[in-house]
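Trainee: Line order of the protein sequences matches chains W and U.
The working numbering numbers the first residue of the first sequence as 611 and each following residue consecutively.
The working numbering numbers the first residue of the second sequence as 759 and each following residue consecutively.
Since the hints were derived computationally from the structure, they do not count as laboratory data.
Treat each hint with caution, since some may be false.
Unchecked claim - Computed spacing ranges between beta-carbons, pair by pair:
id, chain 1, residue 1, chain 2, residue 2, range
1, U, R804, W, L616, 48 to 58 Å
2, W, V725, U, I805, 35 to 45 Å
3, U, A781, W, A625, 15 to 25 Å
4, W, A674, U, A781, 39 to 49 Å
5, W, R617, U, S803, 12 to 22 Å
6, W, V670, U, E806, 29 to 39 Å
7, W, L774, U, E806, 46 to 56 Å
8, W, A795, U, A799, 33 to 43 Å
9, U, G777, W, V718, 18 to 28 Å
10, U, A789, W, A674, 32 to 42 Å
Note that CB positions come from ideal geometry on N, CA and C, so glycine has one too.
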Amino acid sequence: MYGKRLRPLSIATIAAMALALALVFFYAPLDAEQGFLQKIFYVHVPLAIAALGGFVLGAVLAIAHLRTRDPRWDMRSYVAIHMSLIFAVGALITGSIWAKGSWGHWWVWNEPTLVSFLIVFLLYATYQPLRFAIEDPERQARYASVFAVTAGAFVPMNFIAVRLSTAYLHPRVLGSTSNLPGPMALTFVVSLLAIVLLYATLCTYELTAKHTRAQVRALRRRVLGETPEQEGRRPRSAAPTTAPGAAIGAEAAGRAL
Amino acid sequence: MIGAAALAALPALPLHEAGKYVAGAYVVVFALVLVYVAIMALRLSRIERELGELLESSESRPAAPVDAERAGSTLR
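All chains should be built: construct the whole structure from the sequences, respecting the hints.
Mentor: Dropping the structure here:
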């Protein structure tokens, strides 16, 4: 189901990553102020954009789940948020490394961009424990979707609030890219594309793995005759699962994802 | 030989002081992706093991009555 898209996505991601790295290190000129350190910009900013965009995507998919009650949308929302969290960790670490090189400190608490990103990250870090805390799969999916929508609305609000604040220690990226010289702007766009493709590929990998797992479970029920009660004794998971009492069969499990 | 010549032809990177930070940032991203791929590999091996178990148990089980009846009707 999702596996069909994996091959072209993986090839496109590898090609885009290779091109982006080549452009970053052998094409983009050195920044007049920051010199070689500015090369971190080409990985840090796309990671942050992909993470924040992924959180908003998770909210949109959660709205689709709340409207249709279709568990496939919950699964997609879960995967989008899960992957965004990983990308956010990458953005935080690369940002800290850049801050150390540029400012001499790993973290600056009076800088709104950094702190607001950390707040968004910590907010989403509660998403998995929230899911894990609710045993009933249907209720888990519903509550998680409500959380995803609320937190997703917080992301653009947070972004605007930071823009309106007065401290401008952190370099502005969006809105000032027009000031970038052509080769730098091109490198940034290719890097962003590569990171977005990586995000899409990893999400597809995750969805394919979950879909396959659900199919194996359905097959287990069919071959071994496991009852929904036995299925319910499996360890509780934060990840969406097919409801124990749901229609049994590999096709049904496939449809549920 | 060709690889060495290609490397020599590439412009030198001004690594000096900032080099370690830039290398660190890119290594972190690479490591994150690598860890994720490793986790996916573990999951894949678990699915493979489960499928193997299912195959074994389906081979050891006697044919279902419906299948036996169907087989009988074709023999008749």
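Trainee: Is the distance from the Cβ of L774(W) to the Cβ of E806(U) consistent with 46 to 56 Å?
Mentor: holds (53 Å)
Trainee: Per the hint of 39 to 49 Å, is the separation of the Cβ atoms of A674(W) and A781(U) within bounds?
Mentor: holds (41 Å)
Trainee: Is the gap between the beta carbons of V670(W) and E806(U) within 29 to 39 Å?
Mentor: At roughly 34 Å between Cβ atoms, E806(U) and V670(W) fall inside 29 to 39 Å, so the hint holds.
Trainee: Take a look at whether the Cβ-Cβ distance between R804(U) and L616(W) falls inside 48 to 58 Å.
Mentor: violated (19 Å)
Trainee: When you take the CB atoms of R617(W) and S803(U), is the distance between them in 12 to 22 Å?
Mentor: 21 Å Cβ-Cβ, so the 12 to 22 Å window holds.
Trainee: Could you see if the CB distance from A781(U) to A625(W) stays within 15 to 25 Å?
Mentor: Cβ of A781(U) to Cβ of A625(W): about 23 Å, so the range 15 to 25 Å holds.
Trainee: When you take the CB atoms of A789(U) and A674(W), is the distance between them in 32 to 42 Å?
Mentor: Between A789(U) and A674(W), where Cβ atoms are some 34 Å apart, the hint holds.
Trainee: Looking only at beta-carbon atoms, does the pair A795(W), A799(U) fall within the given range of 33 to 43 Å?
Mentor: Distance hint for A795(W), A799(U) holds at roughly 37 Å.
Trainee: Between G777(U) and V718(W), is the Cβ distance one that fits in 18 to 28 Å?
Mentor: holds (23 Å)
Trainee: Within 35 to 45 Å: is that where the Cβ-Cβ distance between V725(W) and I805(U) falls?
Mentor: Given range 35 to 45 Å: holds, Cβ gap about 41 Å.
This entry does not satisfy hint 1, going by the numbered hints stated previously; all others are met.
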